[in-house]
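For reference, the chains in residue letters:
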Amino acid sequence: MTPGARQIVFENVSKFYGEVLGVNKVSFSLEPGITSLVGPNGSGKTTLMNLLTGLIRPSQGAIHVLGLTPQQPIEFFRQVGYCTQFDSFPPGTNGYDFIYWPLRLHGFGREQAAKLTNEALERAGMAQVARRKVAGYSKGMRQRIRLAQAIAHHPSVLVLDEPLNGLDPMARSESIALFEAIAKQGMHVIISSHILEEVDRISDRVVLMSSGYVVAEGQIREVRREVQDHPMQILVRCSNAARLAAAAFELDHVVEAKILNDGHGVLVRTRDAEQFYLLLNKIVSGGLVEVDAVAPADDDVNSIYQYLIGSDGGPA
Amino acid sequence: MSARSLAAKAKSWSREQPWRLFGSQVSILVRNEVRRNLFTRRRIWIYLLAWIPVLIILAHTIFDTGPRGPAQLEEDTQVLAGIIQLYYFRLGIFFACMAIFTWLFRGEMVERTLHYQFLVPVRREVLVVGKFLAGVIVAIALFETAVFACFCFMYSRFGSAGKSYVFDGPGLGQLTSYLLVTALACLGYGAVFLALSLLFKNPIIPGVVIMGWETIAPIFPAWAQRLSVTFYLKHLCPVTLPLDGPLAIFTIVAEPVSPFLAVFGLLCLTVSILALSCFLIHRLEITYTVE
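The listed protein sequences correspond, in order, to chains A and B. Under my numbering, the first residue of the first sequence is numbered 1, with each subsequent residue one higher. Under my numbering, the first residue of the second sequence is numbered 1, with each subsequent residue one higher.
Just chain B, same shape as in the assembly (with noise of 0.2 Å):
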């Protein structure tokens, strides 16, 4: 078949492709999920997963009564990093995005309701996308809001000098960066936690595992680090760690990627994933006997 007929076929496919239904039906699968998964009590932990470091950080701006200088400066803008770079990247984001979106599917099927998602005339990829959306807005929304309280605290103790490292200096450019990793991250993490809720009827072991592979990537060759998240992730934060030790495997970058690379790569890792839990879903049936 010659690749002028393939893009013809594909042409007439999608034409006859209900998008407009497609696009109602991810808003209100959005609209649905996210209020079932943000404002929700059970969800608290959560919210305290992404506010803790805010409530010290604003704990130190309040307290913290020792000099305020360029050094100062320094050494607080290295310590957002490591808040961000090891708590958020590594942990907070990390174990918010395995409980979003591996309840997203899991979570139903442990209430006993996701035959409602399967009954009606909603084609199930379009069932994980609007799934997927709303998790993503769910983390995005927490996270992006917490960086930037982290951001904001951080510098409004130091005054006027700390505004002028923010709108005259690298601190805008660093706040960018952050809060487009921060994305990514909830992106590159829920699609890879989404899959695995459709894999395994338990994804918390995997889970462990996913964070040993994300931890011991970089000491593996580049073809195989690509696999990861913080691969993309890495090569996007805006201050590098000064890390020593065993630590310092957290900073490792093998091989340097262009940051559009990285965000395209990253994306296109988000996009693998997602076409794999569309393939996946196909499979899953209603058995709640055996969940």
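Just chain A, same shape as in the assembly (with noise of 0.2 Å):
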């Protein structure tokens, strides 16, 4: 197996819609696991996603996903799931239709298409209403129906736009959950959302656009480490937080350490953690501070999002 052919490789890849801009000089690859696209609205996450799917061709570059293009179909869509944001539907088609004409044209037999819808429909909890009307779904039911055709083939590639909009919290935790074990078993799992704690719960890793370009891209840690800019929190529940500030201030990389209001613990800002932490080890070994616990506070997407990209959804 080439190193390409389990990889989603983006190479210099650039989509202009006439003068408008889609995305421009992407260029990344991506591992099996769930990786999330994380920017506003208008970033280019769809446009990401449409491309890699081949539902729009590149201006220039290319694109291969686990060593093939969306110019090998047959080959291609057996790999690939897409579980759009396009809220529309065949008119007049039922839940198990929609699923199971799709797994019909991917060269199933009736009784293993059959079986794979009923599959995909009990996986997106969606069996009970499967012969009801997709116009009569409720939004929640129409994104589940929609998840329910992208995995129903079991795809090595699950690329899923917003996958959690117009989900109850119920629906969202099982779905999640369902990504999860997607990806457990060595998949792709490509998913774009504005949710950020859940993002930041199951990514392994994030790609971060704003603007039409990749501003960041990488597993979540190595992501904030690299956001020089910003000083890197480190919350520090301890007993005797005053010493530990005391100490902290002493390091030049230090920018701010502040004692929580409860009196146990300090919030330390600082340019290089591992020195940190090298003094946090000599004060724990010197018996100054007894310490209950230590977790970076700021190394999550949400943090990562504000620093790179802003709330205003410009770029930093």
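Keep in mind that the hints were calculated from the coordinates and are not lab data. Hints are not guaranteed to be accurate.
Distance windows between CB atoms, simulated [to be verified]: (1) E11/A <-> L261/B: 48 to 58 Å; (2) W19/B <-> F16/A: 36 to 46 Å; (3) Q60/A <-> A10/B: 27 to 37 Å; (4) Q60/A <-> K201/B: 16 to 26 Å.
Here's a subset of chain B near chain A, in silico, CB distances under 7 Å, partners left out [stated by the list, open to error]: (5) K11; (6) W13; (7) Q25; (8) T113; (9) L119; (10) P121; (11) E285.
From the three backbone atoms N, C-alpha and C, an ideal C-beta is built for every residue, glycine too.
Mind assembling these two chains? They're in different frames, but the hints should get you there.
So this is what it looks like as structure tokens:
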């Protein structure tokens, strides 16, 4: 198996809609696992997903998914499932047919297609309402039936555009569990979502986008480390907070050490987390402070999003 | 590259293709599209387009109490030829095919459902062929039954004379020709409108241009006439219409062509336009927001 055969590779991909920029000079490669595309509206997330699945063609550059391209549709779409954001369905269709007939187009026989359809409906929690017309479904049900269609043929790459939109908390948590289970089987799950807390919980890596550009890409903690402009925040729960704060202030790279309101901890902002951890080890081994817990406070997607993209949606 | 190596390459390419899968995909696409196109309330006006002449002829059969001799039979044969050649081939089938075939892809763009067709392991050429065949089945089913009904009602009022005209005279041959020409018209216009829908976002205006071309093509040189559908249909019509004045343009035959060549020529034209559609479908992108 060639190195690219398990990867999704974007090579200098640009997409222009006439004179309007969709995405510009995007290059990255993704390993199996859950990857989240994060960015404000209009940042190019859906364009990137549509390029990946061949719904639109790049103006320049090349895309390879497990060594395949959408120009080989028979092999490509057996590997790829895409749950789009388009909330539209073939007129008159019911939930079962919506999944069954595409499976027949995959080449599955009647029995196998029926089996896979029922399995997908079960996984998406839609088995009870499968024979009802999709037009009568709620938004959450429509979202889930699209998800069921995307996973029905057991793809190796699952692309999900805002898959948690319209779902109630229960369905949302079930969907997330499903994505995690799929990713654990060594598959690619690519999700775009604006619910950053959930993205943060499930993602192995993120691709941060703004105005058609990839601002940052990689594992969340790696990306956070690369954001040098914003000191890292480390929360230390300990017995002698004042002592720790004083010691921290002696270090050049610590820009702030704030004692928590309850007096049982310090929030440290530092430009060199490694050095701070060394100091902390020294203090703890010296018996000056008893540490209960240490945790980075801002190496989540939400913080990275705020730092790199900003709340106004423009580039940082 | 020699012809032999080219043939060998084509043979090996053909052997590598999953023809059985293509066949089953086409049959599934046809089934789904026929249900979508034939059994829908939106298509009522196409049913009317096909069946209005039938209703008129039926009314004529029921309410016309005038003489029913050989002269009237001859006259009604001319009327039937006029209805089929001037109404069905020039207007009815033309506009029905425009509606059916331009909707195959453009309609799915409007309904924002085309992406489902592009996200399954189906080659886009197979998609074009499947949708085209579905459109052809719908159009042929509608217009063949309408033409057949027109023919039956027209001669039923003549009783035994009508029966004799159909079974012992030229009637059955004429019916066969009309049904053949109807099927060919559906194929030809269908291919044209399918290609137009892939070329233009709004295929209505190009459709009107095509209609103009089909009308005035007879005044152009013979080679140019071959690029119109009616050129081939005209040669297959069993009854010549005695039209005078400007209407005579519909009956001009600049260069006689044998029925075999007319059928073959129209099939070649259809296949060529379909091949163009297969090329155009690869350029089609899912950009619903600009539709």
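Each hint tested on the structure:
no.	hint	result
1	E11/A <-> L261/B: 48 to 58 Å	holds, 52 Å
2	W19/B <-> F16/A: 36 to 46 Å	holds, 38 Å
3	Q60/A <-> A10/B: 27 to 37 Å	holds, 33 Å
4	Q60/A <-> K201/B: 16 to 26 Å	holds, 24 Å
5	K11	violated, 21 Å
6	W13	violated, 15 Å
7	Q25	holds, 5 Å
8	T113	holds, 5 Å
9	L119	holds, 5 Å
10	P121	holds, 4 Å
11	E285	holds, 4 Å
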